[in-house]
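Chains A and B supply the protein sequences, listed in that same order.
Heads up: the first sequence begins at 369 in the numbering used here, then just goes up one per residue.
Heads up: the second sequence begins at 369 in the numbering used here, then just goes up one per residue.
These are calculated hints, taken from the structure and not from any lab test.
Just so you know, not all the hints are guaranteed correct.
[Said to hold, decoys possible] With the C-beta cut set under 8 Å, the calculated list includes, among others, these residues of chain A facing chain B:
1) 418
2) 438
3) 467
4) 472
5) 519
6) 521
7) 594
Just so we're clear, the structure is a prediction, and the values are computed from it rather than from any experiment.
For each residue, glycine too, the CB sits at the ideal point set by N, CA and C.
Number of protein chains: 2
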Amino acid sequence: MEKLILVKVGGKIVEETETLNQLLSDFSKIKGHKVLVHGGGRSATAIAAKLGIESKMVNGRRITDAETLKVVTMVYGGLVNKQIVAGLQAIGVNALGLTGADMNYMCSEKRPVQDVDYGFVGDVKEVNAGILADLIVREVVPVLAPLTHDKQGNMLNTNADTIAAEAAKALSKFFDVTLMYCFEKKGVLKNEHDDESVISEITPEIFEKYVSEGIISGGMIPKLENSFEAIHAGVKQVIITRADQIHTEHGTKIII
Amino acid sequence: MEKLILVKVGGKIVEETETLNQLLSDFSKIKGHKVLVHGGGRSATAIAAKLGIESKMVNGRRITDAETLKVVTMVYGGLVNKQIVAGLQAIGVNALGLTGADMNYMCSEKRPVQDVDYGFVGDVKEVNAGILADLIVREVVPVLAPLTHDKQGNMLNTNADTIAAEAAKALSKFFDVTLMYCFEKKGVLKNEHDDESVISEITPEIFEKYVSEGIISGGMIPKLENSFEAIHAGVKQVIITRADQIHTEHGTKIII
Chain A
369 MEKLILVKVG
379 GKIVEETETL
389 NQLLSDFSKI
399 KGHKVLVHGG
409 GRSATAIAAK
419 LGIESKMVNG
429 RRITDAETLK
439 VVTMVYGGLV
449 NKQIVAGLQA
459 IGVNALGLTG
469 ADMNYMCSEK
479 RPVQDVDYGF
489 VGDVKEVNAG
499 ILADLIVREV
509 VPVLAPLTHD
519 KQGNMLNTNA
529 DTIAAEAAKA
539 LSKFFDVTLM
549 YCFEKKGVLK
559 NEHDDESVIS
569 EITPEIFEKY
579 VSEGIISGGM
589 IPKLENSFEA
599 IHAGVKQVII
609 TRADQIHTEH
619 GTKIII
Chain B
369 MEKLILVKVG
379 GKIVEETETL
389 NQLLSDFSKI
399 KGHKVLVHGG
409 GRSATAIAAK
419 LGIESKMVNG
429 RRITDAETLK
439 VVTMVYGGLV
449 NKQIVAGLQA
459 IGVNALGLTG
469 ADMNYMCSEK
479 RPVQDVDYGF
489 VGDVKEVNAG
499 ILADLIVREV
509 VPVLAPLTHD
519 KQGNMLNTNA
529 DTIAAEAAKA
539 LSKFFDVTLM
549 YCFEKKGVLK
559 NEHDDESVIS
569 EITPEIFEKY
579 VSEGIISGGM
589 IPKLENSFEA
599 IHAGVKQVII
609 TRADQIHTEH
619 GTKIII
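Could you build the full structure based on these sequences and the hints that come with them?
Right, dumping it as structure tokens:
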């Protein structure tokens, strides 16, 4: 199978011109098939505030009422997505911006209300990866916004990490997929005070050891658990890295 | 050649739930290949106002400064486009929302400043209709937002009538194209006070006669001139009709 690199970048990188341009330049240097998944939460919060809509977050997730859904649909699907697409086209990458509704590539269902009512938030139900694969082999580069739909006419807000993992898993039927998560450090650090102490490889054994020793903790634990889950579902490897390293494949490799 | 129907609807229809749902239902009844082009000016004006951005119009066109460009990119490319796409998916139409930047299907250049500085408004330079045709033959239904890009990283605001005409002309290389413009009347009226006095067919001869007699006047003159221009450029016919008639092909047929 051919290789495919799927890069997920958070809002911070794509929402400032300078870091965005650097990202697009680095992303364009990745050879072969590729996909970009982006966030945009900071812009959504800023525009919601200007529109007089308060942003409520629970467990790092946005409570998405009807008005907030309009904001994220505009900001993720319009503003942020099209800035990236136009930016990539300018440097010769044949980008195509997509939400889950477009060609019904990713369908979800509204999260059931349990302890928290997240509102119009979608849990992914179905990924039509064949549609993406079809485009990818014709040199199109999908740029995926963190939005899905419920097939009943509603857009749904869906976390970009989840979009990336679900797309990567589904695309593994067609490609050898490397899923690359960007965050602010060069990789998972052995010593949080030393930015150069990047752990080069994490296996399930190393993961358990480091968790028990307290070296890996906090939000990194679910991130790594999700990475292992993606690998069990067919993804070749997951790399946790900094956005300016995506074309080098440096960072922390998660493998089993 | 196979038939293709390209429908252009203005903002008014797509911005209210009831008329939008009726439109999507009527559009879904059109058999065979089809494309939808939409406006969204009212929503853009409303959201701009909420964001404290004044909407300035000259000759019916929006003056698009940098802040206004962000608004139209959000509203046309995100909010309005994705509502339509999700709505069509819900009724079994495999819609794909596109701006000109997506797969570089329509490229424009910033309008030169003459009497008026329209700002980030694009005049269409190049349409890559092969990309659209490719999708269309695979039963994908493009939903085109009134946005293009300049291939230098900037989105540009482009009138939806122009997008429709340019797409129709370029697609005429691949299909027998009927271009359908929706407005609030059932067609071009012979008597403006009688909504049933629809002129069934307008040829260049009838056009000249009616203009000289004052039956056709005002904004309808450039609309019809553009229709003839589209036909000269390869479009099979233009139909001016009301949105609730698009599946019937009733209205005023412009032919040469």
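For this session: Quick one: which hint numbers does this structure break? Sort them smallest to largest.
Result: 7
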